[in-house]
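Protein chains: 2
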Amino acid sequence: MLPVALDAMGGDRGPEVNIAGALRAQRAGIPVLLVGDETKIRQPRKGALPVLHARESVEMGESAAKSVRAKPGSSIRAAIDAIKNGQACAAVSCGNTGAFMAAATLVLGRIEGVDRPAITTLVPRTDGGRLVVLDLGANTDPKPEHLAQFARLGDAFARVVLELDRPRIGLLSNGEEPSKGNDLVRAAHALLKELPLEFVGNVEPPHAFHGACDVLVCDGFVGNVMLKSIEATAEVVGGILRREILAHPSSRFGAWLLRGALSRVRKRTAYSSIGGALLLGVDGVVVVAHGRSDATAVAGAIAHAHRCARDDLVARVRTALRPA
Amino acid sequence: MLPVALDAMGGDRGPEVNIAGALRAQRAGIPVLLVGDETKIRQPRKGALPVLHARESVEMGESAAKSVRAKPGSSIRAAIDAIKNGQACAAVSCGNTGAFMAAATLVLGRIEGVDRPAITTLVPRTDGGRLVVLDLGANTDPKPEHLAQFARLGDAFARVVLELDRPRIGLLSNGEEPSKGNDLVRAAHALLKELPLEFVGNVEPPHAFHGACDVLVCDGFVGNVMLKSIEATAEVVGGILRREILAHPSSRFGAWLLRGALSRVRKRTAYSSIGGALLLGVDGVVVVAHGRSDATAVAGAIAHAHRCARDDLVARVRTALRPA
Numbered sequence: 198m199l200p201v202a203l204d205a206m207g208g209d210r211g212p213e214v215n216i217a218g219a220l221r222a223q224r225a226g227i228p229v230l231l232v233g234d235e236t237k238i239r240q241p242r243k244g245a246l247p248v249l250h251a252r253e254s255v256e257m258g259e260s261a262a263k264s265v266r267a268k269p270g271s272s273i274r275a276a277i278d279a280i281k282n283g284q285a286c287a288a289v290s291c292g293n294t295g296a297f298m299a300a301a302t303l304v305l306g307r308i309e310g311v312d313r314p315a316i317t318t319l320v321p322r323t324d325g326g327r328l329v330v331l332d333l334g335a336n337t338d339p340k341p342e343h344l345a346q347f348a349r350l351g352d353a354f355a356r357v358v359l360e361l362d363r364p365r366i367g368l369l370s371n372g373e374e375p376s377k378g379n380d381l382v383r384a385a386h387a388l389l390k391e392l393p394l395e396f397v398g399n400v401e402p403p404h405a406f407h408g409a410c411d412v413l414v415c416d417g418f419v420g421n422v423m424l425k426s427i428e429a430t431a432e433v434v435g436g437i438l439r440r441e442i443l444a445h446p447s448s449r450f451g452a453w454l455l456r457g458a459l460s461r462v463r464k465r466t467a468y469s470s471i472g473g474a475l476l477l478g479v480d481g482v483v484v485v486a487h488g489r490s491d492a493t494a495v496a497g498a499i500a501h502a503h504r505c506a507r508d509d510l511v512a513r514v515r516t517a518l519r520p521a
Numbered sequence: 198m199l200p201v202a203l204d205a206m207g208g209d210r211g212p213e214v215n216i217a218g219a220l221r222a223q224r225a226g227i228p229v230l231l232v233g234d235e236t237k238i239r240q241p242r243k244g245a246l247p248v249l250h251a252r253e254s255v256e257m258g259e260s261a262a263k264s265v266r267a268k269p270g271s272s273i274r275a276a277i278d279a280i281k282n283g284q285a286c287a288a289v290s291c292g293n294t295g296a297f298m299a300a301a302t303l304v305l306g307r308i309e310g311v312d313r314p315a316i317t318t319l320v321p322r323t324d325g326g327r328l329v330v331l332d333l334g335a336n337t338d339p340k341p342e343h344l345a346q347f348a349r350l351g352d353a354f355a356r357v358v359l360e361l362d363r364p365r366i367g368l369l370s371n372g373e374e375p376s377k378g379n380d381l382v383r384a385a386h387a388l389l390k391e392l393p394l395e396f397v398g399n400v401e402p403p404h405a406f407h408g409a410c411d412v413l414v415c416d417g418f419v420g421n422v423m424l425k426s427i428e429a430t431a432e433v434v435g436g437i438l439r440r441e442i443l444a445h446p447s448s449r450f451g452a453w454l455l456r457g458a459l460s461r462v463r464k465r466t467a468y469s470s471i472g473g474a475l476l477l478g479v480d481g482v483v484v485v486a487h488g489r490s491d492a493t494a495v496a497g498a499i500a501h502a503h504r505c506a507r508d509d510l511v512a513r514v515r516t517a518l519r520p521a
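As given, the protein sequences belong to chains E and V, one line each in that order.
Going by our numbering, the first residue of the first sequence is number 198, and it counts up by one from there.
Going by our numbering, the first residue of the second sequence is number 198, and it counts up by one from there.
Just so you know, these hints were derived from the structure itself, not from any lab.
Incorrect hints may appear among the rest.
Any copy, or any two copies together, can satisfy a pair, since identical chains are not distinguished.
Simulated pairs of lysine to aspartate or glutamate, EDC-like, Cα-Cα distance not exceeding 20 Å [unchecked claim]: (1) LYS340 <-> GLU235; (2) LYS390 <-> GLU342; (3) LYS263 <-> GLU235; (4) LYS263 <-> GLU373.
In isolation and in its complexed conformation, chain E is listed as follows (with noise of 0.2 Å):
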């Protein structure tokens, strides 16, 4: 199978962290392509990974617009270009979101009948299900046709990645009545409900995460902050806790005989395990992972996007938005 393309110049951390976790992804049998400045990536070492190079890459703060036009050389325009070639069957990068976004919507396309791509992400619920939330920050002002597409790729997705039959839609807001919510979910409302989905209506965030719904559907700007607000809860919370144990010594004795339930946690909760977020409605599998992303981050990233490239999501999903 083709390799998945990085970005080895995006991120927070630079490249050491990207290598770190192409190496790591190698190691569990999936092949990557690091795209990106070869000065600063060539691996000395024999059975090194391969490398494209690039000579520019965007920084995180530049205009996505910008860059598109200006950095036609950049990393993260390569490895979306790698998929246009027939040189890697997905592109990964910790780096500039927008650009690449921009990227992939003009070299790759979107599936037919998709206006905006949404960035699409899996979070567990407490009653052992998954939740898709969309979109998670490709469009912060979105129309109330938008939020209804986005309702239809969620249920594309849910029903090929999750198996579900007829996925249970839900509208986020901060109410369960229609009449909850701000203009464009009052809006968005009107229109799920004409769909032919299972839509469930309004949701709560707790809700949601208990399993009211299979698909979360809200604002990209919304969706972005919810998100980074339970990673840093989840933070904080595990934080306070290990602060708590450190403090009084039979406390450390109990956390002794507790590792494992900790550890247990720690993977549960953990966001870089799962690593990455998919744009979907682009024609091409393209992953967005966490600025901020460590090694493990970025081969859990490369791994969800090998797996859905492995189960052929994209054309999946064109098909499952047919209409019947």
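Place chain V on chain E using the hints.
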């Protein structure tokens, strides 16, 4: 000192929880006036709480605007009237937030210079400080100039309650650069830069909780979703930990040794201990409590309201809002 008027009919769990919370507050030395249907809330015992009869109640799903006109005799309205009539120093309700806010604004009026009161709360930060967050749901579609007012209100609140000389004001966004955010946030950013406040720019949720600012300004829809996501995540992480611990005998002994630490974590992360959010900007102390409140949360909200009234918060915020 005057009692705190409690809407005894409000909330998902009915009058029992409100009465239990009020009795708990009374035992802590805070006088409480129960407001509601006296056939349902009159307590048989001597030394029970005083009751102010209100024949109607506003249901959770009712339209706020309609309820103000249609139910002038509701417990929500009577609790607010009790402030106006000099029978109470503050009002608390776990009931219909929209109806409570509408009654408060109508009866008590707004502080000079405030167009839109904002639901305001304090969230513990990881650096030991506390973060003022507003708005949490009073305004789901504010204009940029309303966010600028929230910044001024939050600044005044932080100077009075947190005793800071120059609180650092952050604007909730999906990225730090001024170009990040949705249309509303970008427009508000431009306004906030021009105010005589210590504006630190856009702040993402994790940085806000780690101490990047003292006041976090956001629109009510996003703020409400953020707060509910934080609450839900803290509950989920705690729930996973409990299940993991109960699943293994050696973990159970470890948990017993850890019980002190675990209970302190629960206390620091349980939002019931904060117990309510202030409707900042109305001319009176009005505390909005969670619909799901238990007796502890109700008692916490009453204590919070009592503290705000005792400290003459509204008058001090009014003074702090005036140009120097």
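Going down the list of hints, with the structure as the test:
1. When the C-alpha separation of LYS340 and GLU235 is checked against a cutoff of 20 Å, the pair qualifies neither within a copy, at 42 Å, nor between copies, at 48 Å.
2. With identical chains, the CA atoms of LYS390 and GLU342 are at most 20 Å apart within one copy only, with a shortest distance of 12 Å there and 34 Å across copies.
3. For the identical chains of this complex, LYS263 and GLU235 are neighbours neither inside a copy (24 Å) nor across copies (67 Å), given an alpha-carbon limit of 20 Å.
4. Taking CA atoms no more than 20 Å apart as the test, LYS263 paired with GLU373 passes between copies only; the shortest distance there is 19 Å, against 41 Å inside one copy.
Figure legend: structure checked against the earlier numbered hints; hints not met, in rising order: 1 and 3.
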